[in-house]
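There are 2 protein chains.
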Amino acid sequence: MDTLDTIFNHRSIRSYKTDAISKPILDNILEAAIRTSTTGNMQVYSIIVTQDEEKKKALHKIHFGQGMVLEAPLLLTFNADFNRFNKWCNQRNAVPGYDNFLSFFTAAIDALIAAQNATLAAEAQGLGVCYLGTTTYQAEKLIDIFNLPEGVVPVTTLVIGYAKDIPALVDRLPADAVVHYEEYKNYSADDIDRIYKDREALEETKKLLEENKLETLAQIFTQNRYPKAMNVDFSKLFLDVIKKQGFMNQ
Amino acid sequence: MDTLDTIFNHRSIRSYKTDAISKPILDNILEAAIRTSTTGNMQVYSIIVTQDEEKKKALHKIHFGQGMVLEAPLLLTFNADFNRFNKWCNQRNAVPGYDNFLSFFTAAIDALIAAQNATLAAEAQGLGVCYLGTTTYQAEKLIDIFNLPEGVVPVTTLVIGYAKDIPALVDRLPADAVVHYEEYKNYSADDIDRIYKDREALEETKKLLEENKLETLAQIFTQNRYPKAMNVDFSKLFLDVIKKQGFMNQ
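Respectively, the protein sequence lines represent chains P and Y. Residue numbers for the first sequence follow my numbering, beginning at 1 and rising by one. Residue numbers for the second sequence follow my numbering, beginning at 1 and rising by one.
In case anyone wonders, no lab produced these hints; they're calculated from the structure. None of these values were measured; they are calculated from a predicted model. Check each hint, because a few of them may be wrong.
Where chains are identical, the list cannot tell them apart; a pair therefore holds if satisfied intra-copy or between any two copies.
Here are the computed lysine to any residue pairs in the SDA-like style, where the Cα-Cα straight-line distance is at most 25 Å [to be verified]: (1) 228 - 90; (2) 244 - 194; (3) 236 - 248; (4) 206 - 91.
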């Protein structure tokens, strides 16, 4: 499948057939992830493959009971991972200096862009994919279930399988909502109105507001989907995990 | 170009022709980035396009004087960005709760996977790409030069242009260095020896050790490329930037 077609046809798939993914396709997705750029070719990330039904049941609970976690045959959890690299340094008379926040973030970059390569490799082979935002919220529980040692922090998860339903392409804001030339042009009140106008006028938005008895689409985010109290709680937990895994020693 | 071919042919390009990138190709790369999955379709990232020669000179300094920054016609800086989203909330009677670390990290995920889509879209159209790891080190200076408001933190930069030299594919560790099935299998000393054996035996490695008068490849990383003192300094700076940009209020 053509690269640009793969990219421009992306939609998040949330409903899956139970059909298994063949070993050659799984291997290819993993190899695609491994070919991604990594910082200094250190490859400071790791991938946990989940196919086992018992493990999937446990992950289903951890990821807020989202049905697709049970339905899809494959989950890939991507971790920021300095564990292997640190072990190598220690075995080679080299003193690793990666117990700090910058190193965590460097490793997270490696993990995240590898996840996007895996996504496109899966989609190019007829599979559907959905990112799980719950990975950072539940990092501590994932560390437990996967037995992740110090130096390893989960940062995202891909649900992968053959789509049961293929939804329409999701709308995106106009390009000038995200693209700035040469320097950042901050938004006036009128810019904001213009940028969000089409999204706010969607039938889907009107239905959401009626169902939730709210006035504005923005309130759906601030009150229902990503409310402050939840963000603050999970923020503390995630920072504690980063610390506990040894990335805040300096 | 076929998706898997694009992915498996990736190499970081560090030497560029000065040939300009046409507007339709640039627009296509940006649209490819915009089609990437984003958390809750919030699109909490932004992209700064640099083509101006004066701006490139300033960025060249900021990015440690790496020659490719001057040579290549295009740089894309990807930011974690809650600024626009917060403005929208405030204009729509919704109280944003995104002044915390989790929200920063959520926005960074959006920015990073969008960067990887831009990378593949560029490569599929015959361009070369290199990620700059210096973006997080120099986030504060990038905020200055791009006039980034509160809520915006640069997380990575792509250098894009037509390759002058196309290097050989870079080696990668064997797949079991990064892939774990069902749970994390930690590495024994023998595993580490086996995993790093081929890389350590490369001619390129031997040359590096001679040039740097060091004993082991791991020391090249811990003493030369990513030494502890540097990581610790840039770690503090990057955490300060995240705080200053309003993501550590809770």
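We went through each hint and held it up to the structure:
no.: 1; hint: 228 - 90; result: between (42 Å within a copy, 14 Å between copies)
no.: 2; hint: 244 - 194; result: neither (44 Å within a copy, 29 Å between copies)
no.: 3; hint: 236 - 248; result: both (14 Å within a copy, 10 Å between copies)
no.: 4; hint: 206 - 91; result: between (60 Å within a copy, 18 Å between copies)
In the structure shown, a violation is registered for the earlier hint numbered 2 alone.
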